[in-house]
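Visitor: Each chain, written out:
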Amino acid sequence: MTSIVVSSQKGGVGKTTVSINLAFAFARAGWNVLLVDTDPQGSVGLSLTRQSRKLLGFFDYLGDQKQTFDGLVVPTRMKTLSMIPAGQGEGYELGGGYSESVVERVKDFLGEAESRGYDICILDSAAGLFGITRDVLVAADAVLVPQQAEPLGIRSVPKMLKGLTELRAKNTKLSILGVLLTMVQRDVQESAEAADGLRELLPAQLVMKEEVPRDGLFLKASGKGVPVGVLQGSAKLLSAFDELRLEIESKLGLSL
Amino acid sequence: MDSINPWLDVDELNRLAKALMAPADAQQTKKVEASKSEGLIRSSASKVLAKASEMAKRTGVITPVVRKAALPELGDWLNAHARCQGLCVVNLDGDVLQAAMPNEEWTKLTVLAATTRHRLEEGKSSSLRLKVASESFLQFISVMTARGPLLVGLLTQNLLKDSQLIEFSSLVEGISAPDQVEK
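Line order of the protein sequences matches chains W and A.
Every letter in the first sequence is one number past the one before it in full-length UniProt numbering, and letter 37, counting from 1, is 37.
Every letter in the second sequence is one number past the one before it in full-length UniProt numbering, and letter 85, counting from 1, is 85.
Computed, partial: chain A to chain W, Cβ under 7 Å:
1) E12
2) L13
3) L16
4) A17
5) A19
6) L20
7) A24
Straight-line Cα separation of at most 25 Å, DSS-like style, residue types lysine-lysine; simulated pairs:
8) K107(W) <-> K162(W)
9) K162(W) <-> K251(W)
10) K159(W) <-> K161(A)
11) K170(W) <-> K18(A)
12) K209(W) <-> K251(W)
13) K131(A) <-> K10(W)
14) K66(W) <-> K107(W)
15) K18(A) <-> K173(W)
16) K131(A) <-> K162(W)
17) K161(A) <-> K10(W)
18) K18(A) <-> K159(W)
19) K251(W) <-> K236(W)
20) K170(W) <-> K159(W)
Calculated directly from the structure, the hints in this document are not laboratory data.
Glycine residues also receive a C-beta, built at the ideal position from the N, C-alpha and C atoms.
Okay, chain W solo, but in the shape it has when bound (with noise of 0.2 Å):
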């Protein structure tokens, strides 16, 4: 099984978006996948289902050594594509520091993930390095990084460039997937440049190919508790997350 971190350092960049997106990628392919919420906001769960906040989920696993995976599990409509909420539990100390015991918690959760035969695991998560983002990044295979494509959200870049740096650290086999440029508007110069911008700063292997459009649809999705590839009008930002699948494939080496 892979893991795989939608990760940033700014909220509001779009992680639970292309989570969620990247996740219905995957299932349409063929692939076994598993969504996970790590974020103390629940924002998977709210995106997709109204009761998510009724739900167990991953920090009932993390508080709770009792607590099964087998009892977190949400299943969707579609029979390649599973749900872990954020849960009931305490929630983790945002803020805090590092720590073996949770990190060895997560590795247990997703090995007992890998175990049930699920091949990707797509784990949305808070905003920022630290806490239990920083736990789920030190025990996962890969991080995807949404930036927002916009001059102010660009400043946050060498922070997490930074962060990543020393996460890898301390996980050394994370892979860097590389920055994924979001709500791009190529019809506003500033946004655009700011896009064309940042490609031209980092090298090509630190940015993704693919970039995912601001679009209207994303908020009917959203409203709807549905990924937005099933939506009527929908085709070209589906096509933008099997691209995205594709070049993320090819970059951890992955086939069916």
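Given the coordinates of chain W, assemble chain A onto it according to the supplied hints.
Guide: Showing chain A alone in chain W's frame:
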């Protein structure tokens, strides 16, 4: 691309990207070196104290010079309140009382600032800040001590706030106090 260049230190970005793309083992070595750099203040403190203790024993002042480890205490405080990568304490004559900077150039800059008579408000600590990289500052903090005014240069990612300067000053006072002899 002019629109985002003003927001980014391009050299810093290139350096960070290069570090991230380096094989994880190379990063592990760098991490160890970085840890050593972060522990510079503590190790410098230990060496100063060990040297002082050794000298005291050799010179016949047998009662060991044991004082509260003021410099490690300052180091611990800085680690808790600022992401500090270096420290230098200089008097206004340019004498370096303590230096734990990752690069000699930062020490020289602090000495230069001290010898150009960075102004002090009587009885108050004040600070001057220079941005030296996208995530790093050189913060000069002038401190009044019993030994006279001192200038502390901090190479740091988190600037000390004015509200923290009083506590900081008392810790610097601790390291600048004459050695006490304890039985």
